[in-house]
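> Given next are the chains, with one letter for each unit.
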Amino acid sequence: MATLPEHFAEFKESRQRNFLRVKALKDRGENVVGTFCQYSPKEIIDAAGAYSVGLCGKSQEPIPLAETKLPANLCPLIKASYGNALGDTCPYAFFSDVISGETTCDGKKKMYRMLNEIKPTYTIHLPNHPDRERSVEALADEFREFAKRLEEAFGVTITDEKIREAIKIRNQERIQAAAVYELGRLDPPAITGYNMRHIMDSDDYYFDVKEKYEITDEVIRQCMEAYNQGEGPYKPDEHPVRVIISGAGLGGTEDKTVKFLEEAGGAVVCYEGCSGIVSRRRLVEESETKDPYLCLAEKYLEVPCAVMSPNSPRFDQIRRTIDEWRADGLICINLHSCHPFGIEAYNISRVCEEKGIPFMHIETDFSDSDVEQLRTRMEAFVELLKESRAAKAAKEAANG
Amino acid sequence: MDKLVGIFCQYTPRELFEAAGMRTVTLGSVSSRNIALAETRLPKNLCPLVKASLGDCMAGTDPVYRNADLIVGETGCDGKKKMFEILGDMVPFYLIQVPQGTDRAYSFPMWKKEVCMLKEYIEKTFGVTITDEALREAVRRRNALRQAKMRLMDVQVNKPAASAADVIFDALMEAEYSPDIEESTCRLNTLAEELETEYQAGSRPVSKAAPRVLVTGCPIGGVYAKTVRAVEENGGSVVCLDSCHGIRAASVWIDPQAPDILEAIASAYIQIGCAIMDPAVCRADQLRRYIRKYDAAGVLDITLQTCHCYTVDTYFMRRLAEEMGVRYLTVDTDYQPSDMGQLNTRIGAFVETL
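Each protein sequence line maps, in turn, to chains A and B.
Residue numbers are given in our numbering: position 49 of the first sequence equals residue 66, and the series is strictly consecutive.
Residue numbers are given in our numbering: position 30 of the second sequence equals residue 1259, and the series is strictly consecutive.
Some clues are possibly wrong.
To be verified - Rough simulated footprint, nothing fancy, chain A against chain B, three-plus residues with beta-carbon under 8 Å: (1) 1250 to 1264; (2) 1325 to 1334; (3) 1338 to 1346; (4) 1503 to 1512; (5) 1542 to 1555.
Unchecked claim - Partial chain B-side listing against chain A, Cβ under 8 Å, derived: (6) R1270; (7) L1271; (8) P1272; (9) N1274; (10) Y1294; (11) E1314; (12) I1315; (13) G1317; (14) Q1534; (15) T1535; (16) H1537.
As the list claims (entries may be wrong) - Simulated pairs of lysine to any residue, SDA-like, Cα-Cα distance not exceeding 25 Å: (17) K136(A) - A41(A); (18) K1273(B) - E389(A); (19) K86(A) - A1373(B); (20) K1341(B) - N1296(B); (21) K1341(B) - K136(A); (22) K1341(B) - E162(A).
Calculated from the structure, these hints are not laboratory results.
This one's a predicted model, so the numbers in the text were calculated from it and none came from an experiment.
Even for Gly, the Cβ is constructed at its ideal location relative to N, Cα and C.
Work out the full structure, taking the sequences as your base and the hints as a guide.
This is the structure in structure tokens:
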């Protein structure tokens, strides 16, 4: 039997429940791999017969403990993730047999070395350059090495066949996730951005891929049914200003960003970034003959993340998403001291300028200190978008 | 006139440019004067070196940015890597991809490919041919410069050290910013010889009682006065500069007669002990070696604000120092003078404990 952490009794009920759910997996003898980001090749974890669970820290609570070992001026996600492992406060980290990290940023890259002292952590090295010729072989090599580590850890054999099978299942999951974003393409949207976010985060609640797929399918069906009956989140003649959220590490901040924007009368219609629409649309090649590690590397090299430089492919994706989702504005959200996304915001602001839509950059963390400030900024942004939409309409009318 | 190339980071294999008859100088600003300008495009909470460098480029006053035929960046740290995407729009720019670590199966093949691609890029862009012979010659010249730097730094192995850190640091920085390798080599050798001769003649510029401190961490050009100098003003003696412009890159040696000279260049540069690597084994190994060689009693780990590679690595460096039985202090700072008094107090107290 798997044992629970020492302070289990002090945890809130919801967390206790999650602990017990992962414990049930462990009691069944299942292997669990903790993952952090979209670069983590779930297909390989599936092929190893293991469950993947998300470990990203999304709350303020474990941060003070983490700061006893990490610099205070560091991204809150990194601190919270490490703090959770250090203090046994996260059920998923606690029950993970192996952790898969990725070199998405300097902070994480270095933190994973420390995490490795608590749990066996394999850090997949990502290339820095998005050019296939320069980078794809290196990433494929890293995926092969990761597979080898899982084979050793779990005493299993990962065959190409098993990976090919996992690729098909995970592609279905991607197609479904893209369908969730399609709900936002409607005008008015058939789903709120806040609920979209919630569905995207459901990895945290459902370990079983099939179970998650069925539940999500039902949610999409219900959304469309309500929409067709004129009972969607917006009235049929309501046309809220449409916003794309871009950035990373949005989990843990949506209550003071997405929610406030929608309370102020805006609608988040799509997300851009690692878990955004373009990432979901890009499937892994399903080939019975090609090296599956290469198929995976080609796909994962295209995850829209600021780790890549120069990141012009991401800017093209943003242009296309703005057009397709007919966005009135774009908000870049990143966590405090996240250099890759923080710096890239400047070039995204230029893309928005070129597309003629307002842009706002928000840097935040998991604390409550900026809640009221963010509410005000969101309200002001919605006002700005309404004015900009009206001005565009007036201009079009004048041009006949 | 020879073509001029501005480089940012020690991982750039300068020999490739020099073999093409070009000259290389180091960029990477050490002054705060254009930081406010850079903050119009960059986050404020960012490493001062990254901000100051973009600021210098934006201001258009720096002669290297104005005159360079090429600026070369590297994917070393997040801050620089992403800043280059903004800088790269303003100047002729080339990006070298540095692997995330040295010990993986992919690391060396990727790095060697990057070095080969750089060679091809130079040849194509500037219409030149880089021969193996020219590369070997460039390696010899750079080896001589690196050895001159090592010789100069070696005077500090003496007990007490043979020089104040200022003298050595100024000479190293001058060499870093000079495009003339031979002249720099000559100057460094002359200075080393002077210091050696004076020491042998009985000159003791450093007190025998001065505790010996090794400095490690981020590039220190912009924070030298309030950190390294503070050690010596408080009675310490800085015996080793384990930083980019100090021993970290100067310890590189390349065999000019290696059968595959490009491979030899690539394999030497990848061993530079920077904290960007995962794991940073080369950094740790070198630090251990230098603590012993220079017989340091304390390690001062200087980090620039939000340089996550180095700030997080302090966790491992502190442990390394403890394991070796030497004292350890880390200071996190930037290019502003506001923390000067505080740093002086902390560093003074540190020297006191030694």
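> For each hint, tell me whether it holds in the structure or not.
Results of checking the hints against the structure:
1. 1250 to 1264: violated (count 0)
2. 1325 to 1334: Holds: 7 residues of the region 1325 to 1334 of chain B have a Cβ under 8 Å from chain A.
3. 1338 to 1346: holds (count 5)
4. 1503 to 1512: holds (count 4)
5. 1542 to 1555: holds (count 4)
6. R1270: holds (5 Å)
7. L1271: holds (6 Å)
8. P1272: Holds: closest Cβ of chain A sits about 4 Å from P1272(B), inside 8 Å.
9. N1274: holds (6 Å)
10. Y1294: violated (19 Å)
11. E1314: Holds: closest Cβ of chain A sits about 5 Å from E1314(B), inside 8 Å.
12. I1315: Where the cut-off is 8 Å and the nearest Cβ of chain A is about 6 Å from I1315(B), the hint holds.
13. G1317: holds (7 Å)
14. Q1534: Constraint on Q1534(B) satisfied, holds at 7 Å.
15. T1535: At about 5 Å, which falls below the 8 Å cut-off, the nearest Cβ of chain A leaves the hint on T1535(B) intact, so it holds.
16. H1537: holds (4 Å)
17. K136(A) - A41(A): holds (20 Å)
18. K1273(B) - E389(A): holds (22 Å)
19. K86(A) - A1373(B): It is violated: about 42 Å lies between the C-alpha atoms, which goes past 25 Å.
20. K1341(B) - N1296(B): Not satisfied, since the Cα-Cα distance of roughly 29 Å exceeds 25 Å.
21. K1341(B) - K136(A): With Cα atoms ~33 Å apart, K1341(B) and K136(A) exceed 25 Å; violated.
22. K1341(B) - E162(A): holds (20 Å)
The structure shown violates the earlier hints numbered 1, 10, 19, 20 and 21.
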